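Colleague: Take a look at the letters that make up each chain.
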Amino acid sequence: MSAQATTLPAPREQRTTLEVYRDDGPSARALGALLGRVLPLPPLVLLVLGALPAAIAIATQGDDTSAGTTAGLVAWFVLCAAISSGRPNEGSLRWAVPPLLRASEYGGLVWIATVAGDAVPGAFALLCAIAFRHYDLVYRGRHRGVTSPAWLDQVALGWDGRLLVACALLLADLLPAGFFVLAAIFAVVFVTETVAGWAAFSRAQRVGPTEAYDDEEDEA
Amino acid sequence: LTTETTTTSAPRRAPADDGRARAGGRTGVTTAVLLATAPTDGHGVAAGQAWDDHTIVRRLVDQLADIGVPSVHVITRTGWEDQLRRAVEGAAASVQVHASDAISSDLQLIADAARESDGGLVVAYGDIVTHREALAGLLADPRVASGVLAVGVRRPFTYRLRTSRGRIVSAASPYHLVRRPTGTFLGVLKVSPNDRAALAGIADDLERLTEPGVPGAWAAELDRKLGNVRVRLATAALEEDGEEPRDTLEDAGPPEPAEPVALDPSTIVLSPELEEEAAFRAAVAREDVVTLVFVGLVRSGAPLATTHVRKLFWARPLSSEAVAGAAERITHYDEEKVLLDSAVKATDGFFTTFFVSPYSKYIARFAARLGLTPNVVTTISVLIGCLAAAAFATGERWGLVTGAVLVHLAFVTDCVDGQLARYTRTFTKLGAWLDSVFDRTKEYVVFAGLALGATQMGDDVWVLAAAALTLQTVRHSFDFSYAAAQHEVIGATPQAPVEEPDDVPGGARIKQISAEAHAAAAAPQAPAAPAPPQPLPRRILGLWRSLDRLAFMPWLKRMIAFPIGERFAVIAITAALWGPRTTFTVLLVWGGVALAYTLAGRLLRSIGR
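If you're matching them up, the sequences are chains A and B in order. According to my numbering, the first sequence is numbered sequentially starting from 1. According to my numbering, the second sequence is numbered sequentially starting from 1.
Just chain A, with the same shape it has in the complex (with noise of 0.2 angstroms):
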């Protein structure tokens, strides 16, 4: 892990724990840096406005939604969200940010799944394997003092990623076996790499103890 911290560039190291917790993927940092200069509007307000037209889609039509409307919509907020992540996330309702941008995700992964069909249970199996590294990186930075790895952040492809993804299986009518390859090939990545961190981790506190402060548990 440690070797490659050093390569990375400079500003991961500086990314707050917010940042840790948007979970941004390759095309979300690209399109941020590209565009986050040009378009000056709270993180808050592109979130809103990206997925307000998916919201009145989901309302009005629902499943009925045509698979290039679907796709369309959620690249339209794919867009919006992802200059956000270029953009200052200050404010004191900072915090909304990570969880509106779960709630997008996972919405729209499921979305997605009704619009094909009977691809519902894929998209579960789906949103299982993402929740387990949403929750990981949240723990891993509570009980190991660490962020996940350049290399993971590549792979896991961020909400950002994931939703794109999701919309080409649409169109290439690939849903559900697409999810179920999906899930299960997340499932391994993200089980496996925790599972060595924490091994790592054990036999690196057996030589020497690791001192962090302990966040309380906030959540029941």
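This list has only true hints and no planted wrong ones.
Some chain B residues well away from chain A (every beta-carbon gap over 10 angstroms; in silico):
| # | residue |
| --- | --- |
| 1 | Asp101 |
| 2 | Leu209 |
| 3 | Ala219 |
| 4 | Ala236 |
| 5 | Thr267 |
| 6 | Leu270 |
| 7 | Pro272 |
| 8 | Leu274 |
| 9 | Ala283 |
| 10 | Val323 |
| 11 | Ile363 |
| 12 | His408 |
| 13 | Gly458 |
| 14 | Gln495 |
| 15 | Gln534 |
| 16 | Trp544 |
Sample of chain B residues at the chain A side, in silico, Cβ under 10 angstroms:
| # | residue |
| --- | --- |
| 17 | Ala451 |
| 18 | Asp460 |
| 19 | Leu471 |
| 20 | Phe478 |
Derived by calculation from the structure, the hints in this document are not laboratory data. Values in this document were obtained by computation on a predicted structure and should not be read as measured data. Each residue gets a CB set at the ideal place from its N, CA and C atoms; glycine is no exception.
Position chain B relative to chain A; hints supplied.
Modeller: Showing chain B alone in chain A's frame:
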């Protein structure tokens, strides 16, 4: 500066064998510094008072040795060193007795001990009487890197502290003031190996600061506190109930402008006994360097946590009368029972507290006797959860009922692992991670089982299952992100330098408030200035908080937030009585209300700031 050192060495005692894991060697704490500088109200050193067959300080040294602290420094005043050397004779740790003349010399000895130590360090009063498990709870908990022993209520001869989201953000000493305190520092400070160098530097700084005598601002703060003591002693005497005020020296914070002190401390005339009492409190306060080091660490921005003594015994008896009282009270404690009760988390929800913990703690004790580790219990719990999911997946009525029973069992074992860890003091970071991750795993595997079962029954509830998973994950994500934002705020809040008594940087407010209070005291008829109007969000939150006076409200509030105990209970009951569709519907409705409720509170707090 006079320091004189003698060493007493003793063979290690064999560890006691009572079924609980010994913490020895795992604490990372290798050195303890005990301050035996407080006088008794008789004559001599409080730490040297008799306790059982030995002395108070001897008892403390033996307890620390038993927890795994091999080396102890005892700092006392010149003239008391012989008494203390006898007091620690035959102790189970290697003890060095240092004689020092002043608090600046004490601080230098602490700095030296911090530099020489090859591990973590404990700085504590040498005259406290507490249960071994209270000390072990702080020292042997790897989740608390640096921290202190604390309690919510006030105790005699202690100082207050304030925590925010589990982190100590302010602390008091005889010379320092804490605003809006949330707890009491019980005189035991644990410093991790990582913070050891910082501690040494802070002790150096404090030594330089106190070497010529304490700074004027500090002396003024102590005078203010002692003045409050006089006021309280006089008030208590006036009330003629004869009861000795049990307040701490510190608890009189700065008098609020709206409540002017009726008595001017400087003009109060006390009876000779009360005068003696006031003088004694002043003498104890002037010897206190444990709180000084603690305040120094807090003001330096070091992250410090608290470990609560919970229901375990703690006392700082500084008189023969107090020792007799403490000895009397501690005999009424069933340490085993208290320890088991303390293993139950204080912040659990309604269902967990009333329908699981009353018996799960006995399962935890049974597991401890079997020698099971918390991680084994956690794994058993997740396996039961998977069995429950499999039972639900049959889609048969017997499967739903069996699944419900198994879900409840899985939840009970889930409570057992935490209680077992607290009871046996076997906390590990991996254990904490496993517990968190497996809790989520169990819940979502059960969702999948229920959805599969519904499909068997000809009902497609996969969208509801996915929605329930999404809602729960988003709710947790709000918790995590809000906590992270709060920590950013705490981390960005500057600490006042240790030279200033007030914990608000700038320190002007204390002078202003004191001046106002004195003015108000001088002219009691003067109307108090009206408080500035609060913004609406703050008023709403204040109103909501004031409802906590109703006994059931705190429980109701916890219940609305739909904690894990309530969720598992809902799954078990609705699945057994009705079926998967009802389960997901209730989860979504209650979870939605919970999300709206917590979100409303956080929005109000965020915009009201």
